[in-house]
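Asks: Just so you know, the protein sequences line up as chains A and B, in that order.
The end of the first sequence is residue 637 by the numbering used here, with every number in the run present.
The end of the second sequence is residue 523 by the numbering used here, with every number in the run present.
Hints in this document: simulated from the structure, not taken from any laboratory.
Note that the Cβ used here is the ideal one computed from N, Cα and C, for glycine as well.
Warning: the hint list may mix true and false statements.
Claimed, not checked - What the simulated footprint calls covered on chain A by chain B, stretch by stretch (three residues with Cβ under 8 angstroms from a Cβ of chain B suffice, anywhere in the stretch; the number is not a length):
1) 97 to 110
2) 600 to 611
3) 626 to 636
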Amino acid sequence: MRRQGILRVFVAGSGLTVLVCATILCTWIWTVQPVGAVVTGRVGERLTYPSPLEILSSKNAKQFYVLCNESDEVRVLDSATGTAVKAISVGHVPRGIALSPDGSRLFVTNSWDDTISVIDTGSLEVAATWKVGAEPSSVVEDRTGRYLFVANRISNDVAVLSAQTGAEIKRLAAGRGASYMAMAPDGGKVYVTHVYPNPSPHRTEPESEITVIDAQRAVVVDRIQLHGIAGVFHAAVSADGRLGVAAELHPKNLVPLAHLEHGGAFEDTLMLFGADVGNRTVEVPLDELERYAARPFDVAITPDKSHLYVTSGGSEIVTVIDVRRLLNYVQTHHAPFVQDLSASSNYVVTRIPVGRDPRGMLITDNGRKLLVANRLDDTISVIDTQTNRVGSTIRLASPSKLSVLRYGEQTFYTARYSFQGQIGCANCHIDSTFDGLEWDLEPDGFGRDIVDNRLIEDLKGTEPYKWNGGNPNLPTECGPRTEKYFWRSANYDDLTLADLVTYMLSLPLRPNRWRLPGYELSPAQERGKAIFDRAVDKFGAPIPLQNRCSYCHSGPKGTDQKSFDVGTRKLTDNSGRFDTPQLSNIALTAPYLHDGSAATLEEIWTVFNPEDKHGRTNDLTKDELNDLIEYLRTR
Amino acid sequence: MKISLATMTLTAAAAFTWAAPSTVPAVNHVPQMPHYRFENFTTANGLPDDHVYSVLVDGDRIWAGTDNGLAVYENHTWKTYTTKDGLAHRAVLSLALDRNTGDVWAGTMGGLSRISGGHIDSFTQLNSGLSNDVVYGVAVQGEDVWVATAAGGSRLNLRTGQWALYNERNTPMVEIWVYGVSASPTKVYYAVWGSGVLEYDQSTKTWDKYEDPDGETEMVLFKDQGLIHEITSSVSFVDKVLWVSTYFGDSRYDGRYWHNFLTKDSGLPSNFTNFVKGVDANHAWFCTDRGLAYYDGTNWAVYRPSLTTGRPEMTVRDAQGHVTAVPVTTAPAHHYILGIDFQGNDIWVATARGLSHGIFQN
Numbered sequence: 003m004r005r006q007g008i009l010r011v012f013v014a015g016s017g018l019t020v021l022v023c024a025t026i027l028c029t030w031i032w033t034v035q036p037v038g039a040v041v042t043g044r045v046g047e048r049l050t051y052p053s054p055l056e057i058l059s060s061k062n063a064k065q066f067y068v069l070c071n072e073s074d075e076v077r078v079l080d081s082a083t084g085t086a087v088k089a090i091s092v093g094h095v096p097r098g099i100a101l102s103p104d105g106s107r108l109f110v111t112n113s114w115d116d117t118i119s120v121i122d123t124g125s126l127e128v129a130a131t132w133k134v135g136a137e138p139s140s141v142v143e144d145r146t147g148r149y150l151f152v153a154n155r156i157s158n159d160v161a162v163l164s165a166q167t168g169a170e171i172k173r174l175a176a177g178r179g180a181s182y183m184a185m186a187p188d189g190g191k192v193y194v195t196h197v198y199p200n201p202s203p204h205r206t207e208p209e210s211e212i213t214v215i216d217a218q219r220a221v222v223v224d225r226i227q228l229h230g231i232a233g234v235f236h237a238a239v240s241a242d243g244r245l246g247v248a249a250e251l252h253p254k255n256l257v258p259l260a261h262l263e264h265g266g267a268f269e270d271t272l273m274l275f276g277a278d279v280g281n282r283t284v285e286v287p288l289d290e291l292e293r294y295a296a297r298p299f300d301v302a303i304t305p306d307k308s309h310l311y312v313t314s315g316g317s318e319i320v321t322v323i324d325v326r327r328l329l330n331y332v333q334t335h336h337a338p339f340v341q342d343l344s345a346s347s348n349y350v351v352t353r354i355p356v357g358r359d360p361r362g363m364l365i366t367d368n369g370r371k372l373l374v375a376n377r378l379d380d381t382i383s384v385i386d387t388q389t390n391r392v393g394s395t396i397r398l399a400s401p402s403k404l405s406v407l408r409y410g411e412q413t414f415y416t417a418r419y420s421f422q423g424q425i426g427c428a429n430c431h432i433d434s435t436f437d438g439l440e441w442d443l444e445p446d447g448f449g450r451d452i453v454d455n456r457l458i459e460d461l462k463g464t465e466p467y468k469w470n471g472g473n474p475n476l477p478t479e480c481g482p483r484t485e486k487y488f489w490r491s492a493n494y495d496d497l498t499l500a501d502l503v504t505y506m507l508s509l510p511l512r513p514n515r516w517r518l519p520g521y522e523l524s525p526a527q528e529r530g531k532a533i534f535d536r537a538v539d540k541f542g543a544p545i546p547l548q549n550r551c552s553y554c555h556s557g558p559k560g561t562d563q564k565s566f567d568v569g570t571r572k573l574t575d576n577s578g579r580f581d582t583p584q585l586s587n588i589a590l591t592a593p594y595l596h597d598g599s600a601a602t603l604e605e606i607w608t609v610f611n612p613e614d615k616h617g618r619t620n621d622l623t624k625d626e627l628n629d630l631i632e633y634l635r636t637r
Numbered sequence: 162m163k164i165s166l167a168t169m170t171l172t173a174a175a176a177f178t179w180a181a182p183s184t185v186p187a188v189n190h191v192p193q194m195p196h197y198r199f200e201n202f203t204t205a206n207g208l209p210d211d212h213v214y215s216v217l218v219d220g221d222r223i224w225a226g227t228d229n230g231l232a233v234y235e236n237h238t239w240k241t242y243t244t245k246d247g248l249a250h251r252a253v254l255s256l257a258l259d260r261n262t263g264d265v266w267a268g269t270m271g272g273l274s275r276i277s278g279g280h281i282d283s284f285t286q287l288n289s290g291l292s293n294d295v296v297y298g299v300a301v302q303g304e305d306v307w308v309a310t311a312a313g314g315s316r317l318n319l320r321t322g323q324w325a326l327y328n329e330r331n332t333p334m335v336e337i338w339v340y341g342v343s344a345s346p347t348k349v350y351y352a353v354w355g356s357g358v359l360e361y362d363q364s365t366k367t368w369d370k371y372e373d374p375d376g377e378t379e380m381v382l383f384k385d386q387g388l389i390h391e392i393t394s395s396v397s398f399v400d401k402v403l404w405v406s407t408y409f410g411d412s413r414y415d416g417r418y419w420h421n422f423l424t425k426d427s428g429l430p431s432n433f434t435n436f437v438k439g440v441d442a443n444h445a446w447f448c449t450d451r452g453l454a455y456y457d458g459t460n461w462a463v464y465r466p467s468l469t470t471g472r473p474e475m476t477v478r479d480a481q482g483h484v485t486a487v488p489v490t491t492a493p494a495h496h497y498i499l500g501i502d503f504q505g506n507d508i509w510v511a512t513a514r515g516l517s518h519g520i521f522q523n
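Bound-form chain B, shown alone (with noise of 0.2 angstroms):
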């Protein structure tokens, strides 16, 4: 399958435009959501830049992934890290925490780089093993640093220094778009653009391969059979629960069986989802280009500046699909969301405006 980026979101903003219900005010009945006040940074309060693509927490600190510089907020001040201190490119797109070590990694336009005691090494197709610079996506578990890059997936052992390499040639990958991974002690998991979920078992060194059983389409024959799209964008692996995004629509795999959602049944606002953080097995975040999405095994929240007028929304999906505006006087800094991590009960948001903070309400 070979549909460029801007292809496929015209088709999913076309086609997949969330049809909200017709909101109604807050009643009594409305299921109790987590609520924010959102504080947003951007180049006015310290970002290097306003482009964020991904966010990582790490204890009282917060890395930022911006388009100029990988940002990093501790003690209430800002320092940007560039390619002049080592990063191998400008432009961070993905974030991962080594929490044995303290290191924090991170996948850019031009390379891997690992940020180790405030020093930068950085990983290149030509100076390392890397299959490729563009690194979309990257996690660590254990001695395994395991990379999602626009050449298949790759894996660095910390130990050995081996960089073992996967693609079409070893895996039953069909595309080597590779845009998310999600490791853990028993599986690891590549989301593979147009070629859905592959799975590997850390046990028996094997792959398996999960594909949209309705095929190379954007029809949903069979819901809830299978994966919903081969254009996956991110996974999550969490609780022994699968998380995985595409770009039509979201679903959650528990090792048997297949949840789908779309916007037409879900609180979903977009089908269009570029990043999906499991809590645990039934707790998610999904994150949209239009908006914020938290879905608490039953109901949906949405956060996200109001579409057409900018002002903070709100909204509670219940399970019988009743929506409900909650009054609100912040939201994130932009509804076209790109990542999500989580510090204790607060929540941190990458968006295309801004970086945002979620400070837990209730």
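Chain A with its partners taken away, still in its complex shape (with noise of 0.2 angstroms):
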């Protein structure tokens, strides 16, 4: 137990609830017991905590460059003491940072400010901002200086854009939720990862690809498919261009979440490709039975080839994995491994235990030194990879206490309160969102009620939880439900619960692409609106109240926060009515529906409105329908 008391703090109703979070917010001061070194209490003010991401080294290997997510600076460290040199503000939630190959520039991307950052490395200081795609995540430039690669998670592409000026040249469609990118070591191709799964037939396995573009034509020139993966972070290269490792998550989305004990949610994996695997792809697991290495993150390949590391956010551990041993594994046995809880210790050296959800990697010193950037503590792991141990930790600057939203946010991310610390709520809702998957849950039985998982940003106002509406609040939601069905583990204690739902219920909404400044409608979403808004069909008949859009997705939300019966049941579900979900940005949660059979908005009613219970709609042409859906993706 961390805290010297335990104070409930929730109640079944969900406006007491909101209450006692907002007061949890507001006026608590709780002196706790110390979590990691820094903590000596517990405050309810709204702090700011640097957050480290990603770090780089600067060319000339004097300087740390770390990105710092929440704070929304590049913190500049010195290399040989770890003492801060500068802070530098940039946009708002950066989350990719890359140094140009000349070392004179260090670009940030914004991601929601949809902008980057052009840090100029002498003088440490902004010298541009360039307007990008939609939610830019990472970065690189091509070695000839001609181009920078930009992945956009919310556009989908990378954008190309003039690396001296900025100006855009062109897009690149890219997988969905492209968000990092590897450059080879010769710079002839940039590989992009996703953290959410390419479009599939409902209720089949996820689909991920690996989108791979030619850096001097700038075009894609392939898309290696990743089968059953949906959630791949980081990608690395070995320095002689023959290994590709691809951190990733296997959901095991298609059978009852019922066997966090046998394994059952996700598996932790890497995929490899290149020609040392036959240029095929080789998914290996992380997880060995008892040891998952939840969340992989960042992979770093040293020099000489000999080793690989891979950070578990949830598991706050570095695992390292002998490149030698694992290449031998996988030329010698017979694939799949990736079911397979005894393959990693074939290839899996020790693993570290570092701070709160580590995320990026350094190697320094050619490959002496594993500098991992714990994001939730605010510190940096120095790791001297001939012991793998952690030899110091640098902490930056940051509140000297934890707030309830931090200790929150600590809670979301961790996978340690599930059982054998397999998964957390991260896992699904990556990076706080969704993960555009469908799930078999538990209590409706197994095979029953398949659903789709949504977002939980702006959750205010939206409750009841759950598909069914059976989830009357967050501490229910989140409480004593998730930890029987999702977790399989010890109960939260009260005030872990409500620092969660403080957390959950903090989540701001973030910034709606369709919308025109000012918050005006184009034309066709003005069409759109009216539309949604109409009380009589284009034969001018009344539409019912209950067949109106704007009834059940009525309020600010798009929600009356009700059940309804809109013709969607499956023979898999055990009841036809369904809570009005949320509109809020809906055009980024793909699929749609309860069960996430719509793998559109236009399938919604193309496909899932035949007798006009979801709204009528039969009556519209299709130029109508382009019309309504573009004024809900302004929502």
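Using the hints, put the two standalone chains together into the complex.
Replies: So this is what it looks like as structure tokens:
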């Protein structure tokens, strides 16, 4: 128990819950046992923590650049001493960072501003800010200094900019959720990975891809298909260019989520590609029985290709892998390996505990040191790669106390509460969003009530939760039911649950990219709004109240918080009544309907509304339906 | 106007059969027209189907839209994409290359497909804003994919994902059976079967329409006063000149003057033209049901297997109307021509009985 006392902070009633959570946020000052080395208190203030996400070395190796995800900064550290040199303010929610080949410029993607900050590494000032696509998440410059590639998570593409002027040259279609990029050592190719799965037929294995871009021609030349994968994070390519490695999640969403004790929710895996594995893809597990590597994020390969390192944000470890043993294993055994929890013992050297939510890594001193950015305790672990131990820890300047929100965030991202530490909230709610998957949850019966995963931003005023409306408030949603059906482990204590709920209720809605400046509506959006609001169909007949879009999807968030039968019940559903989902950022969250059976917004009405029960829509022409969808995208 | 395709075909064949002038042996005054050695591809040497609707040159790669899949020829080998690979439909009617990204767009009988990095994504009238699954034509300009469908035109903006539909409700289109599209930075043209040509001005975002001044008749009362016929089958806008093919002759429009081509006063082998592709303002290729025709601004050449004997045939018509038979040993795979694209001086020709590679000789 990390606290001196326990206080019940939530009750079943949702209104009271919000009230209590607000009370927590505004007034409490709660003394707790330290977590890690820094914690001296637990406060209700909204404090800003640096939250180091990625780390780079300057060209001359004299400085480290630490991308701080929540304080919107790049912290510059002296590499010899770890002391702060400067904090450079960048845009909102920076997510990716890259150095130009000559080391003179540092590029930072500001994911909520849709911009890139260009930092002059001589003056350590922002020299320019360039516009890019929706939610830029990583950036890399080609070796010739001609192109800057930017992976845009929401627009699902890679913007190709002039590396000198920032002028956008073109966009390349990537997979869904394009987020991370790795440049081949020879500069010839860029490998792009994706945090969301590509569209695939309902209730089939998820599919993702590594988009391969020819860096000289700036065209997509290949899409390496990743079967069964949803959620791919960083990739790395060995110095000789022969081995590519991507960190990824392999969900088991087609089977009932009832067997966590048997490794039943996710496999945490690496996808190997390149000449060393015969130019095919080979998926290998990181997990070992009772020792999981939840939410693998970054991959680093030593210059001599002897070892590779993988951070696991949920498990709060760095996994060390012997590359020679790994390659020998995959070359001498028959795939598939992914469900073999004994496989990783053949190539995993050790698992090194580090800080909370470890993310980006940096290999320095010719492979002798490994730096790890621990996002949720604002530290950098410095690992001696000879001993595989954390030799020292650099602590970034940050608030001396942990807030309720910070505790809640730590709870959200850790896997420590689940059985054997297999999964955490962030497994399915990637970066506090969603995962694009449908799941078969246990409480409704095996094979019953398949449910689509929903966005969890801006949740206040959207209760009840679950598609059947069965959870009246977040403490119920995230508390006993999550513990029983997801974690299959010990309960959260009451305060931990309160922290978590407070954090979740604090998650803001990301900017809507379909809205015009000033919240004006385009002509198509205006026409769509008229359809959304209409009370009379095109034949002049009144539309019954419950058959109007604006009736159920009412209010600022597009939900009246009630359940209806809109004719979408499937044979596997226990009931035809479903909670009205909020429309917030609905364009991002495909697939749709309660079970994710509609691959696109269009299919909600072109396929799944034959009787006009999900709104009166069958009198609409195709262009009118397009207008309605254009309007919905602005919500 | 409601005329079935079959009726139109019969009408065209009966009324406008190419009345070839008597040919004379080749003499020194025969205009110099391009000669080709044709190498033909069929199912016998790798094509998935002999019926080739469309062809696209993509550098060293050749894409062929067939009745049974999309084939790509690279390094002397054919590879075929089918519906199992995600292609929207087996019958690929039209093709376009996004020169910015290298992606290929395929219009099929069951939707629109994008081939990118060897992977296919498909857009249909059910899963997207596409107006209709029968996609006769496709063109890419900048960030827009312009689509000609059996229920109007569609435009997909690749940056925003927004679909805009064009039909009788928001354009001067009378019919919505759109057969072809050609897009440029300034203008976009739709060939609308039964409704002439629609012009979209990219700067003013307004529509204009070009129709047959003789109305919905098969008569030509006022030649060169407008589009030759309402039953248009394709458009090609190049060097600010619009080339239009119809089932009743072809047209050229330079923005001020129209010039029309009929078998009776040009080198066209047939007035029934499936497809036209302009090389520049003065040169164009016409894909007819009776052979492939090339127009150099003055003279005409026709390439085909003989309609009677099947033997390779090339004829040249000069400005005075003299037609000369030029001895050749090869010809396109069939006289029913559906599409063409250029690879340097070479041509690739889609026919009803195979794909032909015309290798430039002189």
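Asks: Of the numbered hints stated earlier in the document, which are not met by this structure?
Replies: 1
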